[in-house]
Amino acid sequence: MNQEQKNVVSATTTANTNTNNILPGSPGIVIAPVNEAPVDASSKDKSSVVGGIPMISSNVVTVPSPSNVAPTTVTPPATSVSPPPAVPPVATPPVTQLAPRPKKSRKALFFIILLLLIITGLGYYIYTDYMRDQARGECSPLVASDTSLRELDINSSIVQELYDKVKTSVREDLAYHNFDDTFKLYLALRQIPQSDMYDSNCNLYNENAMSNFLCQSATNFTPNAFKEETLQREVRKLFGESVEIPNQNIVLGNSCFGGYQYIADRGEYVEGYCGSVPTTSYNVDKELISATVQGDTIILRENVRYYSAEGITGDQLQNGVYVHTFRLDNHYHYAYVDRTIEDA
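When we follow this note's numbering, the leftmost residue of the sequence shown carries the number 185, and every step to the right adds one.
If you are wondering where the hints come from, they were derived from the structure by calculation, not from laboratory data.
All values derive from a computational prediction rather than experimental measurement.
One thing to keep in mind: the hints can contain errors.
[Claimed, not checked] Below are the EDC-like pairs computed for lysine to aspartate or glutamate, each with C-alpha atoms no more than 16 Å apart in a straight line:
hint, residue 1, residue 2
1, Lys470, Asp357
2, Lys368, Asp348
3, Lys349, Glu486
4, Lys368, Glu418
5, Lys421, Asp337
6, Lys470, Asp348
[Claimed, not checked] Have a look at the derived ranges for each label pair, beta carbon to beta carbon:
hint, residue 1, residue 2, range
7, Ser492, Ser340, 48 to 56 Å
8, Thr403, Asp527, 48 to 56 Å
9, Ser492, Thr524, 20 to 28 Å
10, Phe294, Val507, 56 to 64 Å
11, Glu335, Arg374, 25 to 33 Å
12, Tyr309, Asp383, 27 to 35 Å
13, Ser395, Ser332, 44 to 52 Å
14, Thr403, Leu299, 55 to 63 Å
15, Ser340, Arg374, 17 to 25 Å
16, Asn362, Glu425, 21 to 29 Å
Where a beta carbon is used, it is the ideal one built from N, C-alpha and C, also for glycine.
Input sequences plus hints: build the corresponding full structure.
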């Protein structure tokens, strides 16, 4: 076999070999021979081999083909991806930063709240005091608004409250029968609540100023006392806010009624101790027979009759109708204005 024949056989063998390595059904695509020998990636293809697996481009794959077959280029279908629609920006309202409250503003707010609390408390106090006066019968502007003469129920609270302040016992009548400052102070003394009196002492007490009364010489005696302003308070409540009665010793005649000595240097009334005083026995009938109101004036009529086995002296005990007059003052208290005696 000459050289030319050898070349033909060699070309034929190569062609058969290449034909056997073509991928069936895919003309022109050649299956690369498997090389079982270990492969050491060179520097030029290390970037395309990962863990012994060749990296294939995600865009274009080119497979080498034999010289007689045109290489086939496989291009993945282009995917048309529309960009997402633009979202309009949402307008965010501006955040308002509150400036810190000035100290002066906070102080002003505090004083305003304090003032409101004071006004509320004062209004509540005035209202409750007014209602207490109404309950005691000391305040009745509705009665004063009617100028007609009307009868009042003698058992009503307002009538009984007023009558209790001025009615006296037969012993009080015997001790002192004049309607003057001494008697008025005694009536005011009767109105002082026990809670305003307290245990005291006999300092500066003058035992010669009041007959029948002792203090320092009394054995195991602790006197009661009260402030002079306490008595003046009751004077204004009973006889009117404008009435002033000078402070003085309180005792009814030569009796044991009253018995409080005024000590100016202490500003107090101090009780004295009184022994037994002989008295004459009398009896009396007293009856509240009517109560009327006209405008701002209430009049109580009391029928009084004294009885005694020894007789009655006209200058001391007088039978008749005792007329007690009360008038509403500017503080809505019914002030005790006068006491007169009418024939029975």
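Original post:
Which of the numbered hints are not met once you compare them with the structure shown?
Top reply: 5 and 7
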